[in-house]
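Required output: the full structure, derived from the provided sequences and hints.
Protein chains: 2
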Amino acid sequence: MSVETLSTVHAHGGVQGVYRHTSTSTKTPMEFSVFVPPHEAGAKLPVVWYLSGLTCSQANVTEKGEFRAACAELGLIFIAPDTSPRGDAVPDDPDGSYDFGLGAGFYVNATKGPFVEHYNMRDYIETELPALIAETFPSADMSRQSIMGHSMGGHGALTIGLRSPEQYRAVSAFAPIVAPIEVPWGQKALLGYLGEDRTSWAEYDACALIRAGARLPDILIDQGEADTFLDEQLKSHLFQKSCDYAGQSLTLRMQAGYDHSYYFVSTFMADHLAWHAERLKA
Amino acid sequence: MSVETLSTVHAHGGVQGVYRHTSTSTKTPMEFSVFVPPHEAGAKLPVVWYLSGLTCSQANVTEKGEFRAACAELGLIFIAPDTSPRGDAVPDDPDGSYDFGLGAGFYVNATKGPFVEHYNMRDYIETELPALIAETFPSADMSRQSIMGHSMGGHGALTIGLRSPEQYRAVSAFAPIVAPIEVPWGQKALLGYLGEDRTSWAEYDACALIRAGARLPDILIDQGEADTFLDEQLKSHLFQKSCDYAGQSLTLRMQAGYDHSYYFVSTFMADHLAWHAERLKA
Chain A
1 MSVETLSTVH
11 AHGGVQGVYR
21 HTSTSTKTPM
31 EFSVFVPPHE
41 AGAKLPVVWY
51 LSGLTCSQAN
61 VTEKGEFRAA
71 CAELGLIFIA
81 PDTSPRGDAV
91 PDDPDGSYDF
101 GLGAGFYVNA
111 TKGPFVEHYN
121 MRDYIETELP
131 ALIAETFPSA
141 DMSRQSIMGH
151 SMGGHGALTI
161 GLRSPEQYRA
171 VSAFAPIVAP
181 IEVPWGQKAL
191 LGYLGEDRTS
201 WAEYDACALI
211 RAGARLPDIL
221 IDQGEADTFL
231 DEQLKSHLFQ
241 KSCDYAGQSL
251 TLRMQAGYDH
261 SYYFVSTFMA
271 DHLAWHAERL
281 KA
Chain B
1 MSVETLSTVH
11 AHGGVQGVYR
21 HTSTSTKTPM
31 EFSVFVPPHE
41 AGAKLPVVWY
51 LSGLTCSQAN
61 VTEKGEFRAA
71 CAELGLIFIA
81 PDTSPRGDAV
91 PDDPDGSYDF
101 GLGAGFYVNA
111 TKGPFVEHYN
121 MRDYIETELP
131 ALIAETFPSA
141 DMSRQSIMGH
151 SMGGHGALTI
161 GLRSPEQYRA
171 VSAFAPIVAP
181 IEVPWGQKAL
191 LGYLGEDRTS
201 WAEYDACALI
211 RAGARLPDIL
221 IDQGEADTFL
231 DEQLKSHLFQ
241 KSCDYAGQSL
251 TLRMQAGYDH
261 SYYFVSTFMA
271 DHLAWHAERL
281 KA
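Residue numbers (my numbering), protein chains in the order written: chain A, 1 to 282; chain B, 1 to 282.
Hints were generated in silico from the structure; no laboratory data involved.
A portion of the hints provided could be inaccurate.
Among chain A residues calculated to face chain B with C-beta under 10 Å, some are [as the list claims (entries may be wrong)]:
| hint | residue |
| --- | --- |
| 1 | Val9 |
| 2 | His12 |
| 3 | Gly13 |
| 4 | Ala256 |
Far from chain A, some chain B residues (derived; all Cβ distances over 10 Å) [as the list claims (entries may be wrong)]:
| hint | residue |
| --- | --- |
| 5 | Asp92 |
| 6 | Asp93 |
| 7 | Pro165 |
| 8 | Arg198 |
| 9 | Ala212 |
| 10 | Ser249 |
| 11 | Thr251 |
| 12 | Trp275 |
Okay, the calculated bits of chain A under chain B, using three or more residues with CB under 8 Å as the criterion [to be verified]:
| hint | region |
| --- | --- |
| 13 | 63-71 |
| 14 | 265-276 |
Cβ atoms here follow ideal geometry from the backbone N, Cα and C, with glycine treated the same way.
Written out as structure tokens, the structure reads:
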């Protein structure tokens, strides 16, 4: 596996890099960003995965996420992958919408139609990219990983974390899609990537996973009350209900006045990173 | 004077807004951003001006500057104006370059050619916009202002601050142009906006202002050693020399490994804001 360095820059005492490699999961070049905080030579540092939302690439959180100061203070490596395969060969939504296809991989392995070949973001995030990070970044302690995400990426973090609690010590989300089976964004994506057999959808729905018995030590979610997607697409109360019913520990913080943007994410980023760091201690 | 609100969003407990008004200085609509931190009703808060660099609008620092957490903690209002007049009626560099014309107002009042009508960024920043802020934001304590900037905006902050020490309690800069009379960016701008009489250039050159007797209590500058513009355009050692010769207090911190980007600015932003806050105490 070979990784091309697109850029590295000093920031907050560490190094913010952007990298490209050819993915075996998506059969495309993929870009991701990694922040490595200042550290002693030979030190091993925990790794926080950040999954982004619809329309985003790695660049949105890398530029606007305000995570570096906290990662430098807490000694965390921060990794931001892309949200879908990219390129002219990759099929997109024929309607050109923002919520399916390019920039909208939904962290699934597609099983339907023209999407099967490239749209394997689940394998990419869960398996391929961690192996690449372990090989490429000697300071990354892959025995101490955690995962967070925003919106579609919050859905990704919750579902990936719930399916593999042994791989991630902490799972949190900003304004996640918690019940894709029940909402328009999720229904379009799951139907499009997986087809009409809804039994195959359940492993990509955080509420369904909880109902099916998946558990994490605890979960942290921040959700803006002024988020215009809350009522139709996010429905965080459904996750609260699933967790309450199942006895899953959940800290769901409804944040008055906050919307769905990176102004919201960046406000609570340092909080989430401190929460992760506490759970990532050696 | 009327101000149109383009957007407001909750961030770090305060409100980040973007506004538009028609400027009498530039005779164009102008956009600026203001962050008002959380505060008690009726409180009066100090105001920090941030002047941006070549090619930037208010948006660059607003999205990537990482100033809100510190401003919320320190109780500072943060204002980011645009870098030039905008619009089809505004003359640009005939060559379409990035370093003159639109996005490159250099914080001067133009006295030459087609630029006289609109390129009056000095009046705009020193006089018109402070009056507008005083009228529009009742929490702004205009008796406690300070100014900082990046690159061309560092030049703006230094020259404006040196000319009006009674208006600004603190002046700092990230990678500023300190001697525009001596470097290609500055020579092009000053010749283009002011004409060939170099005596008129001196009030727009921080080194020349120091040599002519301008003084501030102290000045803070951070400069990346890996900044590719350092040797040809920024030449921070010339400012050190001018300050040493004149007995002007200067803290010039050469930062190993850092470049000219917002990854550099955001790294040292909280430091600068704390330094300003100390000098803006009631």
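Evaluated hints:
Interface hint status for valine 9 of chain A: upheld, as the beta-carbon distance to the closest one in chain B is roughly 5 Å, under 10 Å. For the restraint placing histidine 12 of chain A at the interface with chain B, the shortest Cβ-Cβ distance is roughly 5 Å, inside the 10 Å limit, so the hint holds. Given hint, glycine 13 of chain A at the interface with chain B, holds; its Cβ is 7 Å from that chain's nearest Cβ, closer than 10 Å. At about 8 Å, the closest approach between the beta carbon of alanine 256 of chain A and any beta carbon in chain B falls short of 10 Å, and the interface hint on this residue holds.
Annotated as non-interface, aspartate 92 of chain B keeps its C-beta farther than 10 Å from every C-beta of chain A; the closest such distance is 27 Å. Look at aspartate 93 of chain B: its CB is around 27 Å from the nearest CB on chain A, clear of 10 Å, so calling it non-interface holds up. For proline 165 of chain B, the non-interface assignment is confirmed: its Cβ lies about 31 Å from the closest Cβ of chain A, beyond the 10 Å cut-off. Look at arginine 198 of chain B: its CB is around 37 Å from the nearest CB on chain A, clear of 10 Å, so calling it non-interface holds up.
Under the 10 Å C-beta cut-off, the non-interface status given to alanine 212 of chain B relative to chain A holds; the minimum distance is some 36 Å. Distance to chain A confirms serine 249 of chain B as a non-interface residue, since its nearest Cβ pair spans about 27 Å, more than 10 Å. No beta-carbon of chain A is positioned within 10 Å of the beta-carbon of threonine 251 of chain B; the least distance is around 19 Å. Even its closest Cβ contact with chain A, about 16 Å, leaves tryptophan 275 of chain B beyond 10 Å, as expected for a residue assigned away from the interface.
With a threshold of 8 Å between beta carbons, the proposed coverage of the region 63-71 of chain A by chain B holds, since 5 of its residues qualify and at least three are required. Residue count for the region 265-276 of chain A with a Cβ under 8 Å from a Cβ of chain B: 3. That meets the three needed, and the coverage hint holds.
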